[in-house]
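Trainee: Please build the complex by placing chain B on the supplied structure of chain A, with the hints as guidance.
Here the protein sequences line up with chains A and B, keeping their order.
Numbering follows our numbering, in which position 602 of the first sequence is assigned residue number 602; successive positions increment by one, without gaps.
Numbering follows our numbering, in which position 38 of the second sequence is assigned residue number 38; successive positions increment by one, without gaps.
In case anyone wonders, no lab produced these hints; they're calculated from the structure.
Wrong hints could be hidden among the right ones.
[To be verified] For lysine to aspartate or glutamate, the following EDC-like pairs were computed, each having C-alpha atoms within a straight-line distance of at most 16 Å:
#, chain 1, residue 1, chain 2, residue 2
1, B, K185, B, E228
2, A, K280, A, D31
3, B, K185, B, D165
4, B, K305, A, E369
5, B, K305, A, D437
6, B, K292, B, E141
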Amino acid sequence: MKTRFSTLVVLGAVALVAFTLRPPRYTSDFDLAGFSGLPTLVNGRVKPLDTVARTSLLMLQGRQRVVAPDGRTATAAEWLLDLFYRPAHADEYQVFEIVHPDVLALLNLAPGDGAGQKRFAIRQFTSHLAELERQARLADAAESAERTPFQRAVVQLRDGVLLYQHLQSSVMAPGVDTFLTELAQLEQNLPAAVAALRSPETGQGHGSSPEAKGWLALGRAFTVMDGYAYLRVVPPPPTATAPNAWRTIGETWSATLASGQIDPAARAYAALGRAWRDAKPVEFNREVQALHEQLAAALPVPMRKAGLEARFNAAEPFYTAMALYVAAFLLAIFSWLKWPDTLGRAAFGLVGLAFVLTTAGILARMWLEARPPVTNLYSSALFVGWGAVALCLVLEYFFRNAIGSVTAGLIGFGALLIAHHLSLGGDTLEMMRAVLDSNFWLATHVVTITVGYSATFLAGFLAILYILRGVGTRTLDRTTADALARMIYGIVCFATLFSLVGTVLGGIWADQSWGRFWGWDPKENGALLIVIWNAIILHARMGGYVQQRGLAVLAVAGNIVTAWSWFGVNMLGVGLHSYGFMGAAFWWLIVFVGSQLAIMLIAGLPLAKWRSFARLNPTTSRRRGDATGALVVPLPR
Amino acid sequence: MPTPTLPADSSRPARAWRAIHGFFLSFKLTIVLLAFSMVLVFAATLDQVNLGIWTVQAKYFRSFVVYGNVGPIAVPLFPGGYLVGGLLMLNLVAAYVSRFAFVWRKAGILLAHFGLILLLIGELLSGLWQEDFHLRLNEGETRNYAESYRDYELALIDTTDAKVDDVVAIPEAMLSGKAAVQHPKLPFRVVPKIFYPNSVLQMRGPEGPAAIATAGIGPGILAAPQPETYRPNETNLPTAFVELLAPDRSLGIYLVSPQLDAPQQFTFEGHTWRLAMRRRRVYQPYALTLLKFSHDRYAGTEIPKNFSSRLRLTTPDGRDDREVLISMNNPLRYGGLTFYQAGFENNDRTTVLQVVRNPSWILPYVACALMSLGLLLQFGIHLIKFVRRRRAVVVTPPALA
Chain A
1 MKTRFSTLVV LGAVALVAFT LRPPRYTSDF DLAGFSGLPT LVNGRVKPLD TVARTSLLML
61 QGRQRVVAPD GRTATAAEWL LDLFYRPAHA DEYQVFEIVH PDVLALLNLA PGDGAGQKRF
121 AIRQFTSHLA ELERQARLAD AAESAERTPF QRAVVQLRDG VLLYQHLQSS VMAPGVDTFL
181 TELAQLEQNL PAAVAALRSP ETGQGHGSSP EAKGWLALGR AFTVMDGYAY LRVVPPPPTA
241 TAPNAWRTIG ETWSATLASG QIDPAARAYA ALGRAWRDAK PVEFNREVQA LHEQLAAALP
301 VPMRKAGLEA RFNAAEPFYT AMALYVAAFL LAIFSWLKWP DTLGRAAFGL VGLAFVLTTA
361 GILARMWLEA RPPVTNLYSS ALFVGWGAVA LCLVLEYFFR NAIGSVTAGL IGFGALLIAH
421 HLSLGGDTLE MMRAVLDSNF WLATHVVTIT VGYSATFLAG FLAILYILRG VGTRTLDRTT
481 ADALARMIYG IVCFATLFSL VGTVLGGIWA DQSWGRFWGW DPKENGALLI VIWNAIILHA
541 RMGGYVQQRG LAVLAVAGNI VTAWSWFGVN MLGVGLHSYG FMGAAFWWLI VFVGSQLAIM
601 LIAGLPLAKW RSFARLNPTT SRRRGDATGA LVVPLPR
Chain B
1 MPTPTLPADS SRPARAWRAI HGFFLSFKLT IVLLAFSMVL VFAATLDQVN LGIWTVQAKY
61 FRSFVVYGNV GPIAVPLFPG GYLVGGLLML NLVAAYVSRF AFVWRKAGIL LAHFGLILLL
121 IGELLSGLWQ EDFHLRLNEG ETRNYAESYR DYELALIDTT DAKVDDVVAI PEAMLSGKAA
181 VQHPKLPFRV VPKIFYPNSV LQMRGPEGPA AIATAGIGPG ILAAPQPETY RPNETNLPTA
241 FVELLAPDRS LGIYLVSPQL DAPQQFTFEG HTWRLAMRRR RVYQPYALTL LKFSHDRYAG
301 TEIPKNFSSR LRLTTPDGRD DREVLISMNN PLRYGGLTFY QAGFENNDRT TVLQVVRNPS
361 WILPYVACAL MSLGLLLQFG IHLIKFVRRR RAVVVTPPAL A
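Looking at chain A on its own, in the form it has when it is part of the complex (with noise of 0.2 Å):
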């Protein structure tokens, strides 16, 4: 019955996981899955349009989801479509999220004219545009680091103005309101709109007839495209020879008329927006199907990766993974009340599923990247909650006592968490600059000194348990409290070697690409107290001068040590690994330290207050408690 219970609870999860991964189904007569899918290259990668109007909407508004004008929930794909091809309807779409209050008065906007009192369209402050760009440029002179909130408010809704221009600019001529019959009447005309293009009366501009100047006008529209554009969607012609060679609209239809040959990608996207602006379904899936085909047999690997990471977005394993770490974690914690067998299995079940879950996704982003997993701050944040995770997972293997489980859920929902509000600047699947562009490197040194971040939080986190149960539930028996701290104890040894090889490592790297072993740089620094910090606590295990409680200390501010060199040195802004800058997660920080602090200010409590150790022992507690500050149950040697 009991094991019938654990085994339903897994079984449901694993079914709700199947569900979230079932191919996404779109309740439109327009084929968005097929649109979604569509590949173009932006910022040096090849990705789906899914992703550029996935990661677009996050930049604007910190979500993906969107409301139509007319309150629906739309799609992302039927928001990017309304952007490229409807242009004056998407301006009503409310995707500017502005909360600074002096930004809303420079724009003369009042927090209930948006959606949520944030959200804003950009039609309800166009004429504030100039205004915007102007505080912009102030505020771009300015050291990014030295920017106030009201200057760093500006130029991000300044940038976010910027991209959903560049977007449109993609695929249709900015301010030409009839850019589409345009081009198909060039495509009716195009052998006279080339001919009168290269006589050389158009050339030099006079006398030339009003057709003429008509093509002309359109030429130079298609080179203001080429130029504004954020997307390059026509695909490289079969005679390239670099492989990324991928156009804008734009310059391919500029070569158009230079050479009266129409691309066909360049000629579907136009009949695509046609379809769209004009709601015919049959023609906009006929159109996606035939791109799709087509862009098959010409690049079957960037389209297959198109293809399974536009399935990938639709999925959100990691949120998915959110939700399960949650629920392991209360029926873990649950477990120690009450059926600690049944329930017990059941989180390391939900904790297992989880795991398999992320593992996938991140998987699926190697494969994506062709690099290993962590490639930045956001793929660092998926690694640490999965390697602390997969300990966690060792840990309940061999002790049983759903301790792996609640931390496995807590460290694996907070490291995901950390990871969405890292997700907010962008596309996390980004090119690596030239220095970091070295898969050895990423795969040895970074991987290493990730684990070891992981195994650093993992050993203090479980010494949060330790002193939290101990301190304020009766749960903490002489058992438990024994297999925490030596769980503890050989997480630290763990975190001890990889943090030490991670950043010998990486001293080498830097030898290779720098010309010197150790450069005290602010990451090298942050990565070597890490290490001194997991050293300080096995000596002093080692040397006798720490038993369980110290040892649990000593753990917990192991986690501020790495709190602060995994962000806090980023937000210095000196040093050659400040790539990963970051300002406004300062804060939480500070709150995050604030809290590891109080947690070593209780375990500071005198033993014989532990309502554990009170009621186990209460006369050796009070005793040895006070007198020596030793636990009531010594470590073995």
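Mentor: Same frame as chain A, but now just chain B:
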């Protein structure tokens, strides 16, 4: 464990020795020193925002004591990197020597700590021995020397022979002294008059103080001393006034500075001489020619993908004449020097290579291997023991340690 057992001896020197010995051996000292080093590293990291990395290194790590300013007075605040590192090393070696007894159980710990000793020695040696230069090459240009980042020299070049230049280089340190410089190849003495470690030059107007220089371009130029800079992206530009003294007469006082574009020229006893202050040069027995510098970007972006320099390496004896490629993460090691891709200038037509001489560069690699192996071995032994005992006794699980 903290205090080792020593033979009983009650005489006073022996007791004192035991106390000292015990102190340097103790775990407590290890922990205290480790804690000190954490504080030091943390403070140095924060101070980089104010001071820049070079000053921080000198102030915190390449020093015995860290001083701080209380008002105008420099007060010793904290032990510096040399002191903490040296004591740690002493502690480590003392423990190593006196506790060394090989048992398999501790083989990993021994190996790891030996690796740590090597690493510290390696860092000390690179601090003492490592020299950094840079090499700037335009496309098509050939050079057989690298230049110092921070040091200057006064070059006196006899250009009478069209084929061979005879160069005498006087280091900056001798120019800041007072002693006259004599050299068998120079038919005159060089007498330093005034030295500004950092300066600016401007054209001399009609008024202002009398010119110090009496020959060359100097009389038309006003040199103003400037405070020395320690910022990582600024360099000091010195100016010196030197008098050239022939046995019978003075050839005049010259103003020399790296800020002057062209060398100054004069003739003496039928020889034509050039005079210039330039970055200190280190000549190598081979030459490098830049064939092509490449700056690759990801398609459609400005994100740099790679920087690389294709060079031709030639030696005068003709033993080596081949093309080499230096790119990010792929330095060239040749003739005791390592060449790194460090930068580029001039619209991607000039490459800047960093040239490093570090005879001890191999030590960290060995240390890394030893430490990794040691820790793996140690924790592997623990883990196997843990799993075995765990299988044998499930009720009371033993410690990992």
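Trainee: Each hint: holds or not?
Mentor: Now the hints, each set against the structure:
Of the pairs offered as hints, the one joining B/K185 and B/E228 is violated, with about 33 Å between alpha carbons and a cut-off of 16 Å exceeded. Note on A/K280 and A/D31: the hinted pairing holds, with a Cα-Cα distance of about 11 Å set against a maximum of 16 Å. In summary, the hint linking B/K185 to B/D165 is supported, as the alpha carbons are separated by about 12 Å, within the 16 Å threshold. With a CA separation close to 15 Å, the supplied pair B/K305 and A/E369 stays within the 16 Å bound.
At roughly 7 Å between alpha-carbon atoms, B/K305 and A/D437 fall within 16 Å of each other, so this suggested pair holds. A C-alpha spacing of about 10 Å is found between B/K292 and B/E141, which places the hinted pair at or below 16 Å, so the restraint holds.
Going through the hint list in order, the structure does not satisfy hint 1, though it satisfies all others.
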